Amino acid sequence: MTSSTENRPEIPRPSCREFDIALPAYLEGQTSPEVERHARECEFCAVVLADLEAVRDNCRALPLEEPPALVWANVRAALKAQGVLQESRPACREFDLALPAYLEGEPSPEAERHARECEFCAVVLADLEAVRDNCRALPAEDPPALLWSKVRAALEAEGILKVPAAGFWGTRVPAWAQWAAPVGALAALAMVTGILVRAPEGLRHVEPTVPVRTSASANFGVSPDFEKTLGQLEQSFAVRESSLDPGLKATYRKSLDSLDASIKECRTTIEAKPSNALAQEYLLAAYTEKAEVLQSALEMDAR
Amino acid sequence: MRAPGSPAKTLQTRLSSQLWLRILVSFLSIGCFAATGPDQPPKVFEFQTGPGPSVTISNLRGQVTVRSWSKQGVRASCTVASPAVEVDAEPMPANGRAERIQFSTHVVDPSAGADAATADYVVDVPAGTNLEVRNRQGHIQVEGLSGETWVETVGGSITVADASGHLDIHSLGGDVEIDRPAGHVEASTITGNLEFLDPTSTKIRGTTTSGHILYQGDFSPGGNYMLSAYSGDLDIVCPASASFEIHAQSVKGRLDNGVDVIRSQHDATPRGGIGLLGTRNQGKARLDLRSYSGTIRLRTMR
Chain A
1 MTSSTENRPE
11 IPRPSCREFD
21 IALPAYLEGQ
31 TSPEVERHAR
41 ECEFCAVVLA
51 DLEAVRDNCR
61 ALPLEEPPAL
71 VWANVRAALK
81 AQGVLQESRP
91 ACREFDLALP
101 AYLEGEPSPE
111 AERHARECEF
121 CAVVLADLEA
131 VRDNCRALPA
141 EDPPALLWSK
151 VRAALEAEGI
161 LKVPAAGFWG
171 TRVPAWAQWA
181 APVGALAALA
191 MVTGILVRAP
201 EGLRHVEPTV
211 PVRTSASANF
221 GVSPDFEKTL
231 GQLEQSFAVR
241 ESSLDPGLKA
251 TYRKSLDSLD
261 ASIKECRTTI
271 EAKPSNALAQ
281 EYLLAAYTEK
291 AEVLQSALEM
301 DAR
Chain B
1 MRAPGSPAKT
11 LQTRLSSQLW
21 LRILVSFLSI
31 GCFAATGPDQ
41 PPKVFEFQTG
51 PGPSVTISNL
61 RGQVTVRSWS
71 KQGVRASCTV
81 ASPAVEVDAE
91 PMPANGRAER
101 IQFSTHVVDP
111 SAGADAATAD
121 YVVDVPAGTN
131 LEVRNRQGHI
141 QVEGLSGETW
151 VETVGGSITV
161 ADASGHLDIH
171 SLGGDVEIDR
181 PAGHVEASTI
191 TGNLEFLDPT
201 STKIRGTTTS
211 GHILYQGDFS
221 PGGNYMLSAY
231 SGDLDIVCPA
241 SASFEIHAQS
251 VKGRLDNGVD
261 VIRSQHDATP
271 RGGIGLLGTR
281 NQGKARLDLR
291 SYSGTIRLRT
301 MR
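Chains A and B are the protein sequences, given in the same order. Each residue of the first sequence is one higher than the last, beginning at 1 in our numbering. Each residue of the second sequence is one higher than the last, beginning at 1 in our numbering.
With the rest of the complex left out, here is chain A (with noise of 0.2 Å):
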């Protein structure tokens, strides 16, 4: 039998692991002296660390850019959604399209002139640029560790990242070397898309209301800050989840009771069990899988 291609092992060792959980945490600053000693010990990870390192810094050097036309199109798609945005005549269809160029710094004296002609298209193009200038003024922040996973997956998705057979729903991170530069320009785009998404007050989340659900899964190998994100989801979901179409509801719900199950079981096992590292494999795809229902769920209205 043929073992894996990678340096690392396929099941890679629990001291990887908890390297792999702590280091979104530790690459948006915080202190981890045992992911340090860590990567000094491991040559794979110390290769990990010093490419996502590259990426991170290649990500607060580049320009913030505007989103693909596509996300102009989710805003104005969840605005029609929530009844905010009125049926646009043909000019302001025009406008639309015009907008995102403009935006951009092309010229458009259509544009402006219908800014100054159209009270709504008026209010719509103030509030893109402040939202894009607000944009230009943060500081370039790391993305969430939810984040990785995606761009993770879409690395994976187009074949550029390969990944071992490991963990499903592309949980490991073999070999980041020679794509700093797309990873940061794709890490990039997916900051200024979330933030773009989430931009317009109207559509914010209402702040939760329900309480925090803890856990010991600290001891499960899952990290504090990824529970802390787990959690906020849910409390986001659960105030969402009343207005959610009945049919979707349902589905997001089973699914989610499933997840819950499978984390359940897991953590049964690995109690009995501590070693067991299949388990362990499942738990942690359960809590990646159930962040990302939940932040589906959480992002249908701006889809």
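Please keep in mind that the hints were generated in silico from the structure rather than gathered at the bench. Some hints could be false.
[As the list claims (entries may be wrong)] Straight-line distance between alpha carbons at most 25 Å, and here's what the computed BS3-like set of lysine-lysine pairs gives:
hint, chain 1, residue 1, chain 2, residue 2
1, B, K284, B, K203
2, B, K252, A, K273
3, A, K254, B, K252
These numbers were taken from a predicted model, which means no experiment stands behind them.
Once you have looked at the hints, place chain B on chain A.
What follows is chain B alone, placed relative to chain A:
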């Protein structure tokens, strides 16, 4: 005091009245349907394109069918269930051959019910199209594309047939069926089932949490196949000539192996679970099967 046998009589009366009620409801439904009329007439969009445009479809509810054709152009026939929704198409560039076309369904009347927001798409595209489909609820069918295909749905099922490009297919609650794929495949669902039928792909990754997985077909030499079902079963049905190395493991499930495999000397058994590490024929492909509590079954075709 009730007469003997009155419960049966009462039941008969109730059944009889229920029957009449059903008939009445049926007529009322037909009447309502006739009053509101059938779906709106389809809206047809036609665009000239090159051989490999990018097509994006964002739909809320309904069926989305995308088929390849030999023309260098895109034709979409969109049927909405009510005036509460409308379908837009934005070609880019706006004039000449479109490089990107975005179809999207918008709710015009937010107070309309979910059913009223249904839109069905039938889209003919060049085979080399790069396709992106988001359909929250409803079946998605994609046929004969060689470009990259990305499909996502929340509650709908997905069928992709004869695709030779890269496939990225995700459904939360629906079943996914992929027939005769030739490119890399990435498919996932949480509660739905996954089926891979007669693939010639060299890389397939499929995961489901509570659904089952069926892989039916051969494995390409040098191919890498990773299939993971959490609580559902995992069925592999391959020809007797299939050549692969297998690494199957399960935490609490069973392994039902009906295929001759030369077991490796290395221990592949996860602690407390079951496992199989071995080679069949020349071991040209690599097969990685996992489950938590589902049964992993291997069979050869008859």
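Consistency of the hints with the structure:
1. B/K284 - B/K203: holds (13 Å)
2. B/K252 - A/K273: holds (12 Å)
3. A/K254 - B/K252: Within the cut-off at roughly 23 Å; holds.
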